[in-house]
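> Generate the whole structure from the sequences, applying the supplied hints.
Residue numbers (our numbering), protein chains in the order written: chain A, 1432 to 1640; chain B, 80 to 383; chain C, 2 to 475.
Misleading hints may appear alongside valid ones.
As a list, the in silico DSS-like pairs of lysine-lysine whose alpha-carbon atoms are at most 25 Å apart [unchecked claim]:
no.	chain 1	residue 1	chain 2	residue 2
1	B	127	B	356
2	C	149	A	1518
3	C	174	C	198
4	A	1476	C	174
5	B	305	B	359
6	A	1518	B	183
7	B	183	B	110
8	C	416	C	356
9	A	1454	B	353
10	A	1518	B	305
11	A	1507	A	1454
12	C	416	C	285
13	B	110	B	359
14	C	287	C	149
15	A	1454	B	359
16	A	1518	B	359
17	C	174	C	287
18	C	285	C	198
19	A	1454	B	356
20	A	1507	C	287
Calculated from the structure, these hints are not laboratory results. Being a predicted model, the structure only gives us computed values, none of them experimental.
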Amino acid sequence: MAFLLIILFELSLLYLAFTERVKRFLFILMAQGLLLFGIAYLHLKQVDTLEFTFILTETIIIKGLLVPIFLNRLRKRNNFERLAHSKFPSFVSILAVSAAIAFGFLLGERMHDNDLQSKFFSASIAAIITGIYFVIIHRNILTHLIGYLIMQNGVFLLSLAVGNEFPLIVNTAILLDIFVGVLVLGIFVNRIGDRFQQMHIDELAQLKD
Amino acid sequence: MNTLGFVLAIVSSLLIPGIISITKAKMSGRKGPGIFQPLFDVARLIRKGSVYSSTTSVIFQIGPVIYFASIVVALLFVPFGQYKGLLSFDADFVFFAYLLGIGKFMMIISAMDTGSGFEGMGANREALYSMLVEPVFFILMGSLALLTHYSSFYDLFVHIHYDSYLTYLVAALGIYLLLQIAMVENSRLPIDDPKTHLELTMIHEVMVLDNSGFDMGLINLATGLKFALYGGLIANFIFPVEWPLYAQIVLFIMVNLLFAVAVGLLESFRARNKLAKNPKWILVLSSISLIVFLCAIEITQKLL
Amino acid sequence: MIVAYLLLAVVTGGAVYCFRNRAATLFFILLFLVGQTVLTVYAFCHLNERDSTYFTFDSLGVILSFVLALLSFASFYHSYIYLERHSDTKRNKSFYYAALIMLSASLNGAYFADHLGTLWSFIEATTLCVAVLIYHDRTNHALEATWKYVFISSIGLAIALVAILCISIASSKEGVSDLNLSSIVAHAQGMDTTWIKIAFILSLAGFSAKMGLFPLHAICVDAHTVAPAPISAFISTTLMNVGFLGIYRMYCIVAQTDALPWANRVLMIVGIISMTLSAVQLLKIKHFKRMFAFSSMEHMGIVALALSAGGIGYYAAILHIVLHSFAKAGLFYQIGQVYSVYRSHLIKESGNYMKLNPLGALVIILTFISVTAIPPSGLFISEFMMFKSLFAGEHYFVAIVALFLLTIILYVIGKCLMHLLYFKGEGIATLKPVKLNNLETLSQFVLLGLIFYLGANPPVFFTDLITGATAILK
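Below, the structure is given as structure tokens:
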């Protein structure tokens, strides 16, 4: 059953490649948070109850609610453009994300496992590649952040694969998400928004020889 | 018994365009034309004579006929529950796809035969979108073939065993993809708006601008037939083979009805895409079919 | 013990941030430095013992912690001078000191960490502290460098987390129930090599953001350029060491499996590419600190090559790391003085340093000899050992390319530093010698002395520590 949610997760990655509106990106982040909550609930059967509820609440509240709401507020406060312009047209993005999904699947097949871990691995590799691809092609800082958060979702998915044996790792992955993804980057996006008028990454390209 | 499926498909093809337009009318709060209005239109058109432009050649005159014939022959392949279609052999879905391709090809060259700039433009777009949607159909059918180890339409649908939830997912995605393929092939929203009067934004409508009379009637009938084609294919996903015959007939009619209502609803609530967005949109369908393929590989635990 | 140390760091850092007068700041910083030295000595005395379940005082950790302790004394001293010269607000100053204290503590925690999760968390903590320090100037350049640094470093560490997850998947199949390095290394023989290979490549890519190697080297270069000079000295040495530590721990795991030749190839490729990139970019360099940042990148490439060559290369890699830390720190401290003379970091605006500040010029000459590995510098010994191991392993092409690149780098650095020392142009002649405190150069002479001493005639405990660190690779 968890595999069904993983497939929906990959479909959400495809949708991300296809849309152009920044608000839809945030919606996808929320949807991915919900899917990860479902996957965590279905997969982590052997963890003791306290840690289990902790992980679940962290997932649904932080990934599913707080981060998208925080980013939405940031978006409205800094008057971001509605459409996210990227360096490559959406056509190429869809091809790239499909290639990432296929690559993740092939890599998962090489693991010679029958258990769920290689399936988790393939989806998380697809998410990580998609996240990095987004960071590269988009010029707006908010969409950079969203690409980074997608990568976080991929890392969290992989940490769920071993979550039964090492619940501490799942917590570490969430810790990464909270501290770096939101606190520091959010603060910096605010600073950059105050300093530079637009939030294009071209503004931040002065350090050269 | 095999002809029963064929007859039912023909009947539903006559009714589907009417149901679609009634659904759209009800969603917009209008009273709408009757359910038989498209049939009356076709009857009127068939009685009229055709006007052929002097720039056209014989291709323009035979194009619509071949188009209509190809669709009728393709309809002979669609199975009905546990009964084969009237024609069935191994790997017939490839033949099916290319039959439809022949019909479309004849329409395209007959449109270009008129020498009109609009029709050439429409033919161009139609060719592009058909090319982009072709992999979707083949990958979908290929995944089903991988799942069931058979390759004719009848065997594919009969032997799908719904044993794991993944097969349900494959079926659900397959139905969704067939629905979208139907929308693309028939040039409905969001690819193309059949109600638009602006030629520069048309795709299918503009290809048939110069057809009139009997040819136009055939083309309108062909639209309904194409819907029935895909409706029949979708119904096959849902047929449980152990039901008695009358239950299967009712199910078939219900599915086609629902299909028409779904098309009508999809059309009422969407705006038409920007033309530059259409190739992207169709490419997403290919990606979804790729995921279906990966699911099929996963189910059968086989690697290429 | 180490928990006590971390608590001390938190307490003194908080105190420095709250109490902003000079006496209190001095007292708490000294307290912290004393505590840090105590930790290093304690660790050396209790070698290879576990501590607080997640830490182990292993040899490599002790070596790097010793480097850190020495350099933190010097960095705090030079930071004090820097902050006095740049008359900042009290709040900024206290923030700076507190961040520097937390940075040293996180680095020590990472050096001694035995659990992969602990290692990763402490390295993550260093990112946050360094961000505060790089942004100290609050210019637009600083903002840009900080943003890029935090962002790309986080991406790198996320990739490193994926590597740790791959290792944990591989080790859970072997029945290892915790993520301690010692238990993973003990069971590494039977692990599935595909997972190990993926983990190694990902950790190389991730930790390269800290170490300054090929994939994510750009942020290191930018950060070292923009940070204040004492911070550049600190982070281009100790922080790169912690990146090396991360890669080294993964390498120790890989070394027990069959994937070792493949891993050596990958490391060799990464090392050569880093050296090539740094040589190419050095050819059009215009900024002193950027030049030294690229030189750090090149030295890290040399360390990667030494590690991949094997044999005596392991010893050479660790020796090179230690000596490079001292040399680069000395250089950066001196650049702080250079900046106060010329008010600019650009190479073309400097010159005639020999007349303006003879003692500093002497330091420049000696550190130039050290950094470019001209004998009698200790780095010459380590690079010689590296090339010896490369030739012994029959990697002739790689060795020749590396030698060629080193020549180019030596030429560029020599040209720029000679320009600094002897160029008598128009604008330069009008500069007057600035009265500088000669005590400032004392730290650099101490570091230089250490380099020559450790290269020529290292004490026994030092060589024993290094051999102990590489024992696991034999």
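> Decide, hint by hint, whether the structure agrees.
Checked hints:
1. 127/B <-> 356/B: violated, 39 Å
2. 149/C <-> 1518/A: Satisfied, since the Cα-Cα distance of roughly 19 Å is no more than 25 Å.
3. 174/C <-> 198/C: holds, 16 Å
4. 1476/A <-> 174/C: holds, 18 Å
5. 305/B <-> 359/B: holds, 24 Å
6. 1518/A <-> 183/B: At roughly 36 Å apart (the allowed maximum being 25 Å), residue 183/B and residue 1518/A break the hint.
7. 183/B <-> 110/B: With a Cα-Cα distance of about 34 Å, the restraint between residue 183/B and residue 110/B is violated, given a limit of 25 Å.
8. 416/C <-> 356/C: holds, 18 Å
9. 1454/A <-> 353/B: Between residue 1454/A and residue 353/B the Cα gap is close to 19 Å, so the pair holds against 25 Å.
10. 1518/A <-> 305/B: Given that 25 Å is the threshold and the Cα spacing comes to 40 Å, the pair is violated.
11. 1507/A <-> 1454/A: holds, 10 Å
12. 416/C <-> 285/C: Cα-Cα ~12 Å, so holds.
13. 110/B <-> 359/B: violated, 36 Å
14. 287/C <-> 149/C: Holds: residue 287/C and residue 149/C sit about 21 Å apart, inside 25 Å.
15. 1454/A <-> 359/B: holds, 19 Å
16. 1518/A <-> 359/B: With a Cα-Cα distance of about 16 Å, the restraint between residue 1518/A and residue 359/B holds, given a limit of 25 Å.
17. 174/C <-> 287/C: violated, 53 Å
18. 285/C <-> 198/C: This hinted pair is violated, its Cα atoms lying about 37 Å apart.
19. 1454/A <-> 356/B: holds, 18 Å
20. 1507/A <-> 287/C: violated, 41 Å
In this structure, the hints that do not hold are numbers 1, 6, 7, 10, 13, 17, 18, 20, in rising order.
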